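A.B. asks: What follows is the residue order along each chain.
2 protein chains.
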Amino acid sequence: MTKTIYIAGLGLIGGSIALGIKRDHPDYKILGYNRGEVSRQIALERGMVDEATDDFAAFAPLADVIILAVPIEQTLDFLDILAGLVLKPNVLITDAGSTKLTIVEKADRVLDPKKVRFIGSHPMAGSHKSGAQAADVNLFENAYYILTPSALTVESAISELQDVLSGLHVRFTLMDAGEHDQVTSQVSHFPHVLASSLMLQAGDYRERYSMTQHLAAGGFRDMTRIAESEPGMWTSILATNQDAILERIEDFKNRLDAVAQMIVHRDQVALWNFFHQGSQIRKEMEIHRRGGVDSFYDLYVNIPDEEDEVLKIMELLRGTSLMNLRINEENREDIHGILQITFKTQADQIRSKEIIEKATDYQVFID
Amino acid sequence: MTKTIYIAGLGLIGGSIALGIKRDHPDYKILGYNRGEVSRQIALERGMVDEATDDFAAFAPLADVIILAVPIEQTLDFLDILAGLVLKPNVLITDAGSTKLTIVEKADRVLDPKKVRFIGSHPMAGSHKSGAQAADVNLFENAYYILTPSALTVESAISELQDVLSGLHVRFTLMDAGEHDQVTSQVSHFPHVLASSLMLQAGDYRERYSMTQHLAAGGFRDMTRIAESEPGMWTSILATNQDAILERIEDFKNRLDAVAQMIVHRDQVALWNFFHQGSQIRKEMEIHRRGGVDSFYDLYVNIPDEEDEVLKIMELLRGTSLMNLRINEENREDIHGILQITFKTQADQIRSKEIIEKATDYQVFID
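Listed in order, the protein sequences are those of chains H and F.
Residue 137 in UniProt numbering is what sits at position 137 of the first sequence, and the numbering runs on without skipping anything.
Residue 186 in UniProt numbering is what sits at position 186 of the second sequence, and the numbering runs on without skipping anything.
In short, the hints are calculated from the structure, not lab data.
Please read these numbers as outputs of a predicted model, since none were measured by experiment.
C-beta: ideal position from N, C-alpha, C; glycine also.
Among the clues, some could well be false.
Chain H stretches covered by chain F per the calculated footprint, using a threshold of three residues with CB under 8 Å from any CB of chain F [to be verified]:
hint	region
1	200-207
2	217-229
3	234-244
4	249-259
5	263-271
6	314-323
Quick partial rundown of chain F residues pointing at chain H, CB under 8 Å, derived from the structure [unchecked claim]:
hint	residue
7	Val183
8	Tyr205
9	Phe220
Isolated chain H (complex conformation) (with noise of 0.2 Å):
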């Protein structure tokens, strides 16, 4: 039986969602809502909504289903306009937002369970792309989609909505909203507060040492590559989960004193230990890559600075799900090598090294 999906926000997030329900569902109709309208022109030409508007409250009614996946400050506004529309009955009404808490207790504080039937959602998949032009159907294979029912979700929502979306290829996963904000605080949320402070940190450096720039490399650059995530959207992410960061910032704080302890009394058993523990969790941790843009398999070449070698390399590799070739100009301390080759899957990454070896004298590394 068709339905009437309706999403809110046609950027790279509620794009591609319309794309993965298409994929199973191509009898849906999926009506859009952008504010701006490149994206919904673009949202219309790649067959991602069938209508698009740029008024909100005017497509709402038609849905069987509504997915707000617009930015966490509209989506509380959403539901208030949500509130004070008549709606199919029973009408299924998710988001997508990086905190939940926040959005969920609105959810239920304003909306009526009699009418309609809300569950929060979090789509842990992304890139640094944005925009309906960089949707893509695959952005969240395999990727964890957070489902945190509250006391008011019934439990036709979290079927329903599986099936909706079942052509995403996620992994649903359900949790509790106030957990689910605590541990992205966690892994994610403060782990921006940290690579921006170490941005801003490391500029205000070069102020007073110009080499500060030139000496930065590969461990630098990986931890404050976040630092350039959307400041919009990390702002609303701080204000909607304030406890949760607040606690981690002071908990981190009291393990910058331990280590300065260890280092002012000369505790080199201790700094070995702190070293040592935070490897091992590591590796026990195998933090794992989800499906997203900038998550594949790489492989690291140490070839000599020539063209032909590039070339001879990309000829031994025909056949593999190569994605992405980039030479490293600079040779820096934690960059394996210079020739940087990502793959879509471990197998082609692992063949590809054993063919590389193989057939030349060059080191290759897996990260």
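With chain H held as given, fit chain F onto it using these hints.
C.D. replies: Leaving out everything else, chain F in the frame of chain H:
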């Protein structure tokens, strides 16, 4: 004129230095010291060294150049040993330590400048691999090789060392030893403290919230990668660069406090600026760096999804400053795979467009 080079430490660094020296100076005799037998054997088998010993003092008197490529603590000990030996007149001695001031100050203190010439070195390259089997003649290709002359360093030491190491293909850079330690505290040492602290923090959080491990993704992975560094090395680094690192810790805690205040006071403008500035500074610092991670000048080519086409394009673009090649898969049947090529200069971007258009009938887009 041939020389005898003595390399203490035949691991990744010492071994790679040996290979680099041999590349430009095949006539030099290279003697090696290593405590462990395996790397000694491998170094001999791979032709890195002509002779190898596990008795450091044994070969030192035979050397024209002595390179201490052992851990920091051992380097400091070996300086004492060298001070008590009769060495060749004007022997050139250098090290490879990650911190400089402690080593340089000790060298100045214990070595006799009338008899030996010393200069501190820090080859800024490496990988997570270790041992002589990982040594690679290209390890330092294009890397910064910091030289930290002290008041006692003679000019001939600088020029001679650069000549001996010419086969490493590095970028020699002179720096004040103290400034070296300050800069590396910011871009390398303190970030390692951050990464390990974050990893330990998440490890503890995992005890309370089991989903911590599962929701840790790309950003968290990037930020904790260097937490897997070797604990012994990092303990020594913290022990020999205390003041600078303690000061970075203190400064960072103040920054965390400031962010906490912004959150508590719901100062969204300040939070937005915090994230925005971090992003801006990172982009700024990347642009001036050669071969930075972010894209410079992109070109897009619509090619049929065939591998030969990619190779063909790469052959056409030989001689350009091509730095990255990405194969963007499209999800619609009628669109060719989009090849995204990144150049360092706009001139190359434009020139390459012309080259491809002339040689093929593919569509080429500049963003």
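A.B. asks: Minimum Cβ distance from Phe220/F to chain H below 8 Å?
C.D. replies: Constraint on Phe220/F satisfied, holds at 5 Å.
A.B. asks: Examine the region 314-323 of chain H for residues whose CB is less than 8 Å from any CB of chain F, and state whether their number is three or more.
C.D. replies: holds (count 6)
A.B. asks: Close enough to count: is the Cβ of Val183/F nearer than 8 Å to one in chain H?
C.D. replies: Constraint on Val183/F satisfied, holds at 5 Å.
A.B. asks: Does the region 234-244 of chain H contain three or more residues whose Cβ lies closer than 8 Å to a Cβ of chain F?
C.D. replies: holds (count 5)
A.B. asks: Are there three or more residues in the region 263-271 of chain H whose C-beta lies within less than 8 Å of some C-beta in chain F?
C.D. replies: With 5 residues closer than 8 Å to chain F, the region 263-271 of chain H meets the three-residue bar; holds.
A.B. asks: Have a go at the Tyr205/F hint: is there a Cβ in chain H nearer than 8 Å to its own Cβ?
C.D. replies: Nearest chain H Cβ about 5 Å off; hint holds.
A.B. asks: Verify the coverage statement for the region 249-259 of chain H against chain F, using a C-beta to C-beta distance below 8 Å and requiring 3 or more qualifying residues.
C.D. replies: holds (count 9)
A.B. asks: Mind checking, does the region 200-207 of chain H have 3 or more residues with a CB under 8 Å from chain F?
C.D. replies: holds (count 6)
A.B. asks: Against chain F, does the region 217-229 of chain H show at least 3 residues with beta-carbon separation below 8 Å?
C.D. replies: The restraint on the region 217-229 of chain H holds, since 12 of its residues have a Cβ under 8 Å from chain F and three suffice.
Going down the numbered hints, you'll see the structure goes against none, and every one checks out.
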